[in-house]
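*Asks:* Chains as they are written, first to last, in numbering that gives the first Met the number 0: chain A, 0 to 104; chain B, 0 to 503; chain C, 0 to 637; chain D, 0 to 170; chain E, 0 to 474.
Among the clues, some could well be false.
Taking lysine to aspartate or glutamate and the EDC-like style, the derived pairs with C-alpha atoms no more than 16 Å apart in a straight line are [claimed, not checked]:
{"hint": "1", "chain 1": "C", "residue 1": "K26", "chain 2": "A", "residue 2": "D100"}
{"hint": "2", "chain 1": "C", "residue 1": "K608", "chain 2": "A", "residue 2": "D100"}
{"hint": "3", "chain 1": "D", "residue 1": "K163", "chain 2": "E", "residue 2": "E97"}
{"hint": "4", "chain 1": "B", "residue 1": "K370", "chain 2": "C", "residue 2": "E72"}
{"hint": "5", "chain 1": "E", "residue 1": "K427", "chain 2": "B", "residue 2": "E159"}
{"hint": "6", "chain 1": "D", "residue 1": "K88", "chain 2": "A", "residue 2": "E101"}
{"hint": "7", "chain 1": "D", "residue 1": "K164", "chain 2": "E", "residue 2": "E100"}
{"hint": "8", "chain 1": "B", "residue 1": "K444", "chain 2": "C", "residue 2": "E168"}
Because the hints were derived from the structure by calculation, they are not lab data.
The structure presented is a predicted model; accordingly, all values stated were derived computationally and were not measured.
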Amino acid sequence: MIQNIPLSYYLVISTFMFFIGIYGFLTRRNLITMLMSIELILNSVNINFVAFNRYLYPQQLQGHFFMLIVIAVAAAEAAVAIAIIINIYRNFKSIDVENVDEMKY
Amino acid sequence: MNILNLFIIVPVLTVCGIMLTKDLKQSRLVSAIGMGVQLILAFVLVYLYLAERGAGNTATMLFMYDAVWFPSLNIHYALGVDGISVAMIALTGIVVFAGIFASWKMEFLPREFFISLIILATGVYGFFISIDLFTMFLFYELAVIPMYILIGIWGTGPKEYSAMKLTLMLMAGSALLLVGILGIYFFSAPAGSPLTFNIMEISKVHIPIEMQRFLFPFTFVGFGILGALFPFHTWSPDGHASAPTAVSMLHAGVLMKLGGYGAFRVAIFLMPQAAQEQAWIFLILTSISVVYGAFSAIVQTDLKYINAYSSVSHCGLVLFAILMMNQTAMNGAIIQMISHGLMTALFFALIGMIYGRTHTRLINEMGGLMKVIPFLGVVYVIAGLASLGLPGFSGFVAEMTIFVGAFQHVDVFHRVVTIVAASSIVITAVYILRVVGILLFGPIKNPHFLELTDAKWYERISTISLVLAITAIGTAPWWLSNMINYSLAPIVERISAVQVTGLF
Amino acid sequence: MADYTYTLLIPLIPLFVFLLLGLTGHKMKPLVAGLIGSTGLGISAILSYATAFKYFIGSHVAGAGYASIKGFEVSWLHLTDKLTIHLGVLIDPISVMMLVVITTVSLMVHIYSIGYMKGDPGFYRFFSFLSLFSFSMLGLVLATNIFQMYIFWELVGVSSFLLIGYYYEKPSAVAASKKAFIVTRFADLGFLIGILMLSFNTGTFDFQTLTDPHGPAIASAGGAAFMGLSVLTWSLIFIFIGGAGKSAMFPFHIWLPDAMEGPTPVSALIHAATMVVAGVYLVARLFPVYALGAPDALMVVAWVGGFSSIFAAVIACTQTDIKRVLAFSTMSQIGYMMLSLGVSGYGGEEGLGFMASNFHLFTHAMFKALLFLGAGAVIHAVHTNEIGGMGNLRKHLPITHITFLIACVTIAGIPPFSAFFSKDEILVAAFHSNKLLFAIEYIVAGLTAFYMFRLYYGIFWGKNTQYHHTPHESPLVMTIPLMILAFGSVFAGFIPFHALVTSDGLPFESKIDWLIAIPSVLIGVLGIVVATVMYKKENPLPDKVAGTFKHLYKWAYHKFYWDEIYLFVTRKIIYRYISEPIAWFDRHVIDATMNGIAGITQYSAYAIKGLQSGKLQQYGFVFVSGTIILVLIFVYLV
Amino acid sequence: MLNEVMFYLFGAMILTFSVLTVTTRRILRAAVYLLFVLISTAGLYFSLNYNFLAAVQLTVYAGGIVVLIIFSILLTSHLSERAVMAPLKQSIFSALATLAGATLTLMTILRFSFVPNTGVDPQLNITDIGNSMVSYNRDGYALPFEVISVLLLAAMIGAIVVAKKERKLKE
Amino acid sequence: MNFSDILTMRHELMLTIIALVVLIIDLNLHNRDKHFIIPITLSLFFIHTVVGFLPSQPSTLFGGMYHTTALIVLMKNILNVGVLIILLQSVTWLKKEENREKISEYFILLFSTLIGMYFMISSGDFLMFYLGLELATIPIAALAAYNHHQTKSAEAGIKLILSSALSSGILLFGISLIYGATGSIYFDSISQVYANTPMQVLAFIFFFTGMAFKISLVPFHLWTADVYEGAPINVTSYLSVISKGAAAFILIILMFTVFNTIAPVYNHILYMIAVLTMTIGNLFALRQKNMKRFLAFSSIAQAGFILLGILGGNIMGMTAVIYFVLVYIFSNLGAFGVVSAISTVTGKESMDDYDGLYSTNPKVCLLMMLALFSLAGIPPVAGFFGKFFLFASAASAGYYWLVFIAVLNATISLYYYLLVVKAMFINKNEKPLAYFKSDLATRTGLVISALGIFVLGFWSQIYEIINSLSFGVIH
């Protein structure tokens with residue numbers, strides 16, 4: 000029932016999503032939106048894992064579980080990141096990434 | 000207990016001893032005792048060496064000591080000396096001893112000064128007694144690095160700049176060297192057998208010629224930088240000018256000899272074919288060194304610069320002679336190393352003493368010093384005459400051996416570079432006499448100088464020990480020459496065994 | 000063969016004296032130092048006379064010729080398989096003759112100096128240097144091999160340097176000593192190269208081997224190597240350059256006049272009698288090689304000698320400093336000797352020039368030392384060197400006057416004074432060889448007589464000069480040496496040199512060729528007469544003559560501007576256009592390159608600092624682009 | 000057929016909302032778009048028959064993380080605030096880089112011949128998943144789940160340390 | 000699970016327990032008494048370190064997800080020693096008023112990252128590897144933002160967490176492709192089938208950039224300096240030695256085992272990256288005035304040297320890398336320890352503040368000099384040996400020019416290390432920092448570093464042990 004759609008379609012979607020995420024990371028000025036771009040990236044990776052698992056190696060659930068772990072890690076990462084962002088907000092009164100450049104050169 | 004180990008242990012103990020001292024008086028006493036013992040050891044070594052040879056021991060290296068250090072890499076702490084190293088060790092002993100006395104009044108941070116100085120000396124000793132490339136390299140770098148501190152803290156003038164320049168250029172040299180050493184190591188044994196850093200072992204194998212061609216320039220230039228090879232000599236004038244007296248003495252006196260010694264012991268000995276092939280390039284560079292340094296010295300006005308450029312010239316002659324690759328020239332090279340070491344140490348000692356009195360090193364500001372400080376004046380003249388190759392002093396013996404040796408090559412190229420190099424004896428005379436004339440002779444320019452006092456006892460010890468050594472070699476060169484010749488024979492045999500038709 | 004080992008003492012005693020005085024002299028009373036020095040040399044002199052006696056008469060078998068004997072030899076430095084430097088003592092006619100000359104003159108000078116240098120603060124230093132010089136010079140003449148000679152050659156040079164610069168507080172003395180050393184050093188470079196070439200080609204340094212007519216040196220003659228001359232010729236020419244430097248031959252002569260800055264006894268000893276003839280001795284020492292192996296080189300010797308002699312004679316006519324006149328006279332006379340060697344052949348009568356040269360060397364040593372010491376006595380009395388500051392001194396300095404006159408007559412070649420004999424032999428030798436050189440020498444003979452008497456009249460006759468202090472005769476310690484030397488000047492001509500000092504050691508018959516001698520004497524007399532007319536009384540004639548030959552006079556007075564040329568070469572070319580640019584190049588190109596590398600590193604460190612902008616998104620951008628570039632390179636390009 | 004439609008639908012949604020997430024000027028909207036992306040992804044998982052994953056995606060990702068993000072947006076921004084957009088240069092360069100990256104990556108990936116699964120699709124039920132999760136044999140995931148607990152604990156503590164307000168230091 | 004498995008996993012288990020114990024004690028302590036945690040934790044960790052050295056058997060657990068060998072144990076022990084020194088050095092800082100309430104958090108976060116590193120090194124599959132990596136990173140971000148009243152600290156935190164998230168995203172994408180290409184996340188399976196196809200190279204590059212981020216290789220290093228500068232000094236030293244060391248360990252293991260088949264490709268990559276890293280790192284370090292930032296760039300340059308060992312690709316290479324990391328830990332901690340001691344006591348972190356320090360605090364200066372010389376690779380201190388062996392291993396693979404570039408870079412690095420030496424010993428200062436005396440713990444930490452710096456080089460035994468455990472690229 001999945002044969003009608005080739006694996007590559009999923010890969011195209013995930014790859015685009017991955018790079019859209021990267022684009023977001025590189026251009027969004029708001030730290031939280033940058034974090035959201037990261038979530039996009041992780042999500043694209045998850046699609047990869049799941050699609051590979053489903054299409055190529057359905058006997059084992061390696062991609063499947065990998066995806067689960069990635070989600071958990073993403074959550075942890077998001078938690079810490081958001082805590083730091085809030086801290087930034089307190090310190091800088093802004094969460095514009097452009098302002099966070101006190102240290103350079 | 001192998002006597003060679005003592006050459007490391009005694010300085011280390013001395014350093015420990017100095018650490019326990021409190022002030023200048025104690026630390027200089029400890030240093031003087033330590034280095035005095037070391038000097039005696041050096042002479043004992045010479046004696047033992049000659050006795051062994053006299054007893055018919057024909058091994059290339061004597062007093063071998065070998066302890067495995069890093070078994071998996073076959074790195075050994077391997078010691079051994081032949082006549083050449085023995086001679087160099089004796090030189091080091093004298094110069095270091097004189098250096099300690101030349102810094103008898105080192106008021107500022109004396110402990111640190113003597114410790115650094117002796118670490119430097121340790122490096123030099125270690126280098127000369129090592130026959131393992133790894134330990135050799137280790138000691139080499141160990142000897143170079145205290146220079147920074149010594150010049151940086153106790154120097155004069157633009158000391159930070161000079162110290163940094165000196166250190167970095169020498170370290171860049173050791174960068175080249177390291178590549179060379181590693182290359183040698185990985186071709187030190189036929190496939191299958193364990194690699195080795197031991198020079199004597201490596202000399203038994205034949206490093207592939209392609210590798211030799213690649214590695215020889217690295218190794219030679221690497222050592223050459225320390226030996227003030229043109230155009231990598233510019234650390235020398237600045238470094239020497241800024242360094243405190245004893246450091247200039249040690250540096251020009253013994254440290255620069257590491258370059259020549261290494262160039263010959265490692266670069267040429269282990270890679271004779273490439274050496275034969277590429278010698279012409281370096282012969283051109285070294286003959287430039289010789290003349291160029293001498294010409295540069297003519298117009299300098301700072302005593303130390305004059306001597307530094309003169310060192311460029313003289314050390315250029317060392318490398319020049321080494322590259323001639325025959326027994327006589329190489330013998331001359333080694334005598335020249337020793338001779339230059341003693342002379343230049345003497346010069347720097349005197350310059351330091353004069354500077355300590357007049358507070359200037361510019362010859363234009365001085366004059367007629369012979370009248371007020373006759374002892375130093377006379378010794379300065381002696382040093383000058385020795386430097387310009389007057390018979391009776393070591394410089395003559397060295398230069399003549401070199402020129403006769405270099406002249407054994409029949410082709411035009413070698414002849415021309417020999418004559419070019421020989422012409423330095425005239426230029427040397429010019430700058431030496433210029434200095435002597437302005438500095439010591441003529442009327443006294445500054446009435447303030449009339450109050451100067453002549454050399455103190457420790458200064459006399461420092462200078463007289465060097466003068467004695469210079470004249471000893473100059474008047475009775477045969478023992479030194481024979482000692483070196485004996486040890487050179489196998490080396491030259493190896494070098495000349497490969498006949499390469501080079502460019503010339 | 001007799002044992003000559005003891006001759007080792009002849010140089011070693013002065014060495015010992017040198018060390019003794021040099022190390023402890025400052026604690027001695029001046030007179031003690033002087034006595035020690037003189038005694039030491041006295042012993043050496045006695046040993047030399049004994050040696051001469053033993054060699055020439057005592058142990059000599061009549062008619063057998065004089066062999067060259069190695070009295071002593073040790074190996075000093077092993078160089079190559081073939082070449083080893085030895086130190087030793089070589090006894091042969093010329094070395095024995097030189098021993099006598101050196102020790103005699105040196106002893107005279109020592110004694111004389113006790114008076115002359117009285118009150119000088121560096122008294123002991125002076126004597127120690129004199130001893131050092133004597134040691135070096137004796138070592139030089141006794142050398143068994145060319146390298147030993149070179150060693151002592153250098154030592155002689157340095158003793159000369161030390162003695163010229165004896166008054167080291169006087170800038171002119173310092174400059175003169177420097178000049179002397181450097182010019183001779185430059186020539187020594189030629190000597191060294193010559194030695195290198197010669198020794199490489201022959202495989203030996205040893206004089207006996209080298210001069211052996213069947214030895215390797217002469218065998219290696221022939222075959223053009225470079226510019227049509229053989230290697231042997233070239234090496235001998237180079238060696239001669241060394242000799243020319245030491246002997247102040249043109250164009251290396253410039254140091255000699257300046258060297259007169261030294262104390263006058265030094266000028267007498269070093270720059271008249273002994274050291275400056277070392278070049279002659281060198282050529283004489285290697286004479287068989289020159290004569291048999293490289294006649295072309297010998298030709299060079301002859302012409303350099305001939306040219307120098309007339310060149311110096313012309314200059315000498317115009318100088319006003321009495322010591323400089325003598326210096327140029329020395330140069331001229333040495334030119335004679337060189338020429339004589341140059342025109343000589345080897346063996347028997349052919350070797351007349353060789354004998355004459357040595358003969359002249361011997362007589363010249365006597366009369367020139369006498370002249371200098373006399374001049375010293377004059378200077379001592381009037382405290383000036385300038386001829387203008389003297390005059391009419393014959394009454395004040397009677398002994399000096401007489402001895403000086405004897406010397407002048409001698410040098411003018413008037414029989415039966417010694418120089419007549421030696422000069423005559425030279426003229427004969429030149430006559431048989433090269434007529435042009437012969438003609439030159441005639442002219443020089445006349446000039447010599449002229450300028451010597453110009454000097455003589457200028458000092459002892461001429462105008463009545465007012466002196467601050469009335470000049471008075473020197474003490475006995477100074478005049479006795481004058482008398483002894485005057486004796487030598489008068490009678491040395493009767494020594495049968497042709498029986499003693501010959502090119503091949505075998506005596507030959509020689510008699511005076513009156514056809515050549517008489518004109519030469521006449522020319523000498525002519526010179527004297529002219530000088531008498533011009534200078535005996537104060538008159539305007541000299542100025543007139545000078546005015547007539549204005550340009551020649553000016554040129555000669557300025558020594559043909561050779562000093563200026565040298566100054567130009569050293570100051571302008573070497574200093575300004577070689578050394579300074581090199582030093583500049585070193586600082587501003589080579590060093591700047593090294594600093595530039597450091598600078599570039601620093602600069603690039605600043606140039607790339609924008610990379611670390613502190614902007615997180617830029618970091619991300621670099622990160623991503625880095626990854627993409629890696630992909631591009633390693634997936635698609637490689 | 001239905002699957003295909005669902006795939007294209009979800010695929011289109013994912014891409015559209017992804018783009019919107021990174022381009023919209025309103026921050027809160029971006030979060031909502033992100034939510035849509037995540038939900039669409041869950042839809043994809045459904046269509047792949049990985050229902051458990053889809054559920055986790057919805058609950059943890061969409062439900063947990065996005066809510067967290069939205070709260071933090073509310074904490075740090077005003078609703079009316081428009082996001083400042085990056086300068087044009089930055090956008091262009093980033094777009095170029097990402098486009099290049101996407102092209103290269105896609106070209107590479109699509110050229111790769113994945114070995115398709117030839118075996119029978121095993122029926123995936125929740126028991127297997129559960130068994131795998133606690134198994135400590137090959138293809139068992141007990142260890143990761145233990146470790147992730149440490150991670151979560153650490154993250155929690157970390158977040159607290161960073162975010163908690165400090166008491167005023169005693170004078 | 001049986002007892003021997005517990006013994007096998009003792010590093011991870013013990014440390015988890017310690018972390019929990021710390022947490023529990025902390026919860027039961029009054030605010031006033033929180034500083035008691037410090038000695039307790041220190042002693043616990045000391046015991047942990049010692050226990051780590053007990054012999055253990057190589058074994059594989061969890062179906063291959065976790066495996067341990069003598070080499071891995073050694074790596075963990077090396078990290079432990081480093082952490083112990085850091086803990087000692089952070090005591091003074093922790094006792095400060097502003098940190099009093101967060102002491103236990105510091106320890107717990109630190110320990111959890113260390114646990115992450117253990118798992119990362121011990122991992123037998125990409126899942127555990129990734130998990131370990133994240134566990135080793137995320138808490139550090141929190142630690143970096145530890146001083147939350149300081150803007151710099153917050154900035155460091157956000158820069159670290161966001162860029163690490165980006166990098167781990169890219170790394171994950173790589174892993175997903177690896178999974179897609181090979182069908183497994185287990186190392187042992189992957190290494191057998193990994194092939195040199197474009198996509199697998201691409202996957203490797205993605206993966207590698209993620210690792211490069213951790214080790215801070217140019218151009219993936221840009222976060223390093225800012226984070227190092229902003230983070231509390233002890234966190235910085237942790238980041239620069241432990242974090243980096245662990246990443247280097249796992250990188251070389253993966254390179255030699257999993258990606259062995261594409262060694263020809265990655266050697267080129269490594270070559271390029273190594274040159275870039277050494278050069279750029281050095282160039283940046285040249286200009287730095289802030290000591291932390293300075294050490295950050297120096298540690299970037301040092302990372303470039305590590306690649307030389309990987310390039311060597313043989314036993315010598317791995318030995319050299321591990322040995323170098325060990326030496327580097329001691330040297331860098333020596334330097335950081337001094338910076339930390341000074342910074343904690345006086346708050347000064349600029350190089351200018353070090354002017355004339357020798358006149359007031361000679362011992363500290365000597366240690367600093369030794370540490371810097373060690374970093375620069377000057378004999379007779381250990382750094383010389385470390386660098387020499389790295390160069391030797393690269394040379395053994397024939398990379399002579401790379402060695403040359405590397406040694407030249409070492410020379411450049413010597414320049415800026417000497418700048419610090421110059422500041423301390425040579426520069427004159429009217430008012431150098433006053434004499435200060437650190438507390439016992441800091442001093443112990445410094446002494447251990449100094450000992451390590453001195454002894455490691457001469458004591459060839461250590462090198463030999465590492466050598467006996469190492470392996471080369473598996474063919």
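*Asks:* Each hint: holds or not?
*Replies:* Okay, the hints, checked on the actual structure:
At roughly 81 Å between alpha-carbon atoms, C/K26 and A/D100 are farther apart than 16 Å, so this suggested pair is violated. Distance restraint check for C/K608 and A/D100: the Cα-Cα separation of roughly 14 Å lies within the 16 Å cut-off, and the hinted pair is therefore satisfied. With a C-alpha separation of about 13 Å, the suggested pairing of D/K163 with E/E97 holds against the 16 Å cut-off. The straight-line distance between the Cα atoms of B/K370 and C/E72 is roughly 41 Å, outside the 16 Å bound, and the hint therefore fails.
Annotation: proposed proximity of E/K427 to B/E159 holds, straight-line Cα distance about 12 Å (limit 16 Å). Proximity of D/K88 to A/E101 is assessed by CA-CA distance (about 22 Å); at most 16 Å being required, the pair is judged violated. Taking the CA atoms of D/K164 and E/E100, the gap is near 11 Å; set against the 16 Å cutoff, the hint holds. The hinted pair formed by B/K444 and C/E168 meets the criterion: a straight-line CA distance of about 11 Å does not exceed 16 Å.
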